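Engineer: One point on numbering: in numbering that gives the first Met the number 0, the residue at position 34 of the sequence shown is 33, and numbering is uninterrupted.
Please keep in mind that the hints were generated in silico from the structure rather than gathered at the bench.
Some hints here could point you the wrong way.
[Said to hold, decoys possible] The calculated lysine-lysine pairs, modelled on DSSO-like cross-linking and capped at a C-alpha distance of 30 Å, are: (1) 133 <-> 95; (2) 153 <-> 95; (3) 164 <-> 153; (4) 153 <-> 133; (5) 133 <-> 143; (6) 153 <-> 143; (7) 95 <-> 143.
Please read all numbers here as calculations on a predicted model, not as lab measurements.
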Amino acid sequence: MNTFNTWVLNLTVAIIDFLYQGRDYQRFWVLEEIARAPYFAFLSVLHFRESMGLRGPEHIYLMEEHFAQTLNETEHLEYMESRGGNAYWIDRLFAKSLVLIYYWVNVVYYWLAPRSAYHLSYEVEIHAAETYGKYLAYNGPDEKILEILNDELKHSRELQLAMEKINV
Numbered sequence: 000m001n002t003f004n005t006w007v008l009n010l011t012v013a014i015i016d017f018l019y020q021g022r023d024y025q026r027f028w029v030l031e032e033i034a035r036a037p038y039f040a041f042l043s044v045l046h047f048r049e050s051m052g053l054r055g056p057e058h059i060y061l062m063e064e065h066f067a068q069t070l071n072e073t074e075h076l077e078y079m080e081s082r083g084g085n086a087y088w089i090d091r092l093f094a095k096s097l098v099l100i101y102y103w104v105n106v107v108y109y110w111l112a113p114r115s116a117y118h119l120s121y122e123v124e125i126h127a128a129e130t131y132g133k134y135l136a137y138n139g140p141d142e143k144i145l146e147i148l149n150d151e152l153k154h155s156r157e158l159q160l161a162m163e164k165i166n167v
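Given only the sequences and the hints, what does the whole structure look like? Please build it.
Structural biologist: Structure below.
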């Protein structure tokens with residue numbers, strides 16, 4: 000599944016990068032809109048499992064981490080909005096359509112194969128950090144973008160830890 004995750008991510012990134020050439024903040028906004036979906040999906044599945052009495056020892060830890068990640072990604076999204084990332088209706092429509100699909104894919108994926116779902120999210124977070132790193136390399140210092148880059152790396156480490164904690 001990891002190879003499949005990488006293939007899907009690379010294809011999606013190629014499409015988004017092509018569509019958003021020269022429109023960094025719009026691309027960042029779309030990516031941040033999408034980046035929240037897995038964490039909402041993970042929380043939904045964890046809530047459902049809890050309701051069904053299927054809670055494991057890692058349950059509370061995962062709920063806390065995913066909720067914090069959701070809030071952090073929302074902060075990134077709001078920053079990109081403040082920079083005009085969501086100014087065009089076509090970008091909003093594109094992102095909202097992708098996030099709807101990506102959310103439900105993650106719900107099913109996390110229910111059936113949580114480690115693989117975490118791996119996909121891990122790959123997305125690494126890609127996000129690389130994307131922000133490239134932006135900084137080409138455009139010079141930007142403290143907020145650097146902060147977001149570091150947040151993305153932190154999320155990737157948290158996802159690695161989550162993969163280690165689950166037994167499924």
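Engineer: Each of the hints needs a verdict: does it hold here or not?
Structural biologist: Evaluated hints:
Between residue 133 and residue 95 the alpha-carbon distance is near 25 Å, which keeps this suggested pair within the 30 Å criterion. Of the supplied pair hints, the one linking residue 153 and residue 95 holds, its CA atoms being roughly 25 Å apart against a limit of 30 Å. With a C-alpha separation of about 17 Å, the suggested pair residue 164 and residue 153 falls inside the 30 Å cut-off, and the hint holds. Note on residue 153 and residue 133: the hinted pairing holds, with a Cα-Cα distance of about 18 Å set against a maximum of 30 Å.
Between residue 133 and residue 143 the alpha-carbon distance is near 14 Å, which keeps this suggested pair within the 30 Å criterion. Annotation: proposed proximity of residue 153 to residue 143 holds, straight-line Cα distance about 15 Å (limit 30 Å). Restraint check for residue 95 and residue 143: the C-alpha separation of about 24 Å stays at or below 30 Å, so the hint holds.
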